[in-house]
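Colleague: Fit chain W to the given chain R structure using the hints.
Protein chains: 2
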Amino acid sequence: MNEDGHKFRTGWLDERTVTVYKPKPEHMAIPGFVYGGLLASLIDCHGTGSAALALHRKNGHEVGDGAEPPRFVTGSLHVDFLKPTPEGIPLKAVGTIHEIHPKKWRVETEVFAGDTLCAKGEVIAVVMPSTFAVK
Amino acid sequence: MNEDGHKFRTGWLDERTVTVYKPKPEHMAIPGFVYGGLLASLIDCHGTGSAALALHRKNGHEVGDGAEPPRFVTGSLHVDFLKPTPEGIPLKAVGTIHEIHPKKWRVETEVFAGDTLCAKGEVIAVVMPSTFAVK
Numbered sequence: 001m002n003e004d005g006h007k008f009r010t011g012w013l014d015e016r017t018v019t020v021y022k023p024k025p026e027h028m029a030i031p032g033f034v035y036g037g038l039l040a041s042l043i044d045c046h047g048t049g050s051a052a053l054a055l056h057r058k059n060g061h062e063v064g065d066g067a068e069p070p071r072f073v074t075g076s077l078h079v080d081f082l083k084p085t086p087e088g089i090p091l092k093a094v095g096t097i098h099e100i101h102p103k104k105w106r107v108e109t110e111v112f113a114g115d116t117l118c119a120k121g122e123v124i125a126v127v128m129p130s131t132f133a134v135k
Numbered sequence: 001m002n003e004d005g006h007k008f009r010t011g012w013l014d015e016r017t018v019t020v021y022k023p024k025p026e027h028m029a030i031p032g033f034v035y036g037g038l039l040a041s042l043i044d045c046h047g048t049g050s051a052a053l054a055l056h057r058k059n060g061h062e063v064g065d066g067a068e069p070p071r072f073v074t075g076s077l078h079v080d081f082l083k084p085t086p087e088g089i090p091l092k093a094v095g096t097i098h099e100i101h102p103k104k105w106r107v108e109t110e111v112f113a114g115d116t117l118c119a120k121g122e123v124i125a126v127v128m129p130s131t132f133a134v135k
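Keeping their order, the protein sequence lines are chains R and W.
Last residue of the first sequence: 135 in UniProt numbering, with the numbers rising by one and none dropped.
Last residue of the second sequence: 135 in UniProt numbering, with the numbers rising by one and none dropped.
Chain R extracted, bound-state conformation (with noise of 0.2 Å):
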């Protein structure tokens, strides 16, 4: 519902899940590189995502089918800057997923300028509290 978001979409790529993105300009840390916040927004957004459609899978459904998936919300979120990461083009972010119990999924992300590994990143996602209320 947020026009100005950044609106990731996550789909699955066989049992792992993918996220592509591409910077805008506004989000360089200086010229010709992109800010460490914006991968790390990536790589949470990314995380509950996956999750997101893991439980949904594992409750038979798939996205499409009509079935509301169910929410994450992020428990923690952990980046490991490994390579300056060039504006301009795509990223991507791919997730492999382990249950730690229904409600708790952990996602490691690798994220991807062109072939360069850029980042790693490790997010918990919980399903969201029902105190979480929407206004």
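No wet-lab data here; the hints were simulated from the structure.
Treat the hints loosely; a few may be bogus.
Copies of one chain are not kept apart here, so a pair can be met inside one copy or by any two copies together.
To be verified - Here are the computed lysine-lysine pairs in the DSS-like style, where the Cα-Cα straight-line distance is at most 30 Å:
(1) K24 x K58
(2) K104 x K120
(3) K24 x K120
(4) K24 x K92
(5) K103 x K120
(6) K22 x K120
(7) K104 x K58
(8) K83 x K58
(9) K83 x K120
(10) K83 x K103
(11) K104 x K92
(12) K120 x K92
(13) K92 x K58
Modeller: Same frame as chain R, now just chain W:
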């Protein structure tokens, strides 16, 4: 130099550092709440800014004395999300800085929305390598 950047500004508060930032409407996750990526970005930039202030002071300088402060990049970022973060009120990041060695600093940060501790983070900040050339 990024007109659309967050433009976080970090300053001293005794031996700790503070960054205050008011999220914008486009930073909402679901209506009423700030998205985690913004908190991660705040902790990231607060961490590198705090390390720059600390090394600058160690080198005998204060902001505004004419000397160019050192620049840092983020080696790693960890965020624990503790509470949903309400939108519409300024966030305050408060940092405690530890020198690991002169080119590598650890910054522990707490992010408050009003009196509520919403997130805790840790950044390992390293002096920007000369290979990270500005175009």
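Colleague: Please go over all the hints and tell whether each is borne out by the structure.
Modeller: Results for each hint:
Taking CA atoms no more than 30 Å apart as the test, K24 paired with K58 passes in neither setting, with 35 Å inside one copy and 36 Å between copies. Both within a single protomer and between protomers do K104 and K120 lie at most 30 Å apart by alpha-carbon distance, with minima of 20 Å and 20 Å respectively. For the homomeric pair K24 and K120, the shortest alpha-carbon distances inside one copy (21 Å) and between copies (28 Å) are both at most 30 Å. With identical chains, the CA atoms of K24 and K92 are at most 30 Å apart both within one copy (14 Å) and between copies (27 Å).
Taking the shortest alpha-carbon separations for K103 and K120, both the intra-copy value of 23 Å and the inter-copy value of 22 Å come in at or below 30 Å. In this assembly of identical chains, the alpha carbons of K22 and K120 lie at most 30 Å apart whether taken from the same copy (18 Å) or from different copies (29 Å). Taking the shortest alpha-carbon separations for K104 and K58, only the intra-copy value of 13 Å comes in at or below 30 Å, while the best inter-copy value is 43 Å. Only between protomers do K83 and K58 lie at most 30 Å apart by alpha-carbon distance; the minimum there is 28 Å, versus 35 Å within a single protomer.
In this assembly of identical chains, K83 and K120 lie within 30 Å of each other by CA distance both inside one copy and across copies; the values are 10 Å within and 25 Å between. Taking the shortest alpha-carbon separations for K83 and K103, only the inter-copy value of 17 Å comes in at or below 30 Å, while the best intra-copy value is 33 Å. Taking the shortest Cα distances, K104 and K92 sit within 30 Å of each other both inside one copy (24 Å) and across copies (29 Å). In this assembly of identical chains, the alpha carbons of K120 and K92 lie at most 30 Å apart whether taken from the same copy (12 Å) or from different copies (27 Å).
Taking identical chains as interchangeable, the C-alpha atoms of K92 and K58 lie at most 30 Å apart only when both belong to the same chain, with a minimum of 25 Å there against 40 Å between chains.
In this structure, the one hint that does not hold is number 1.
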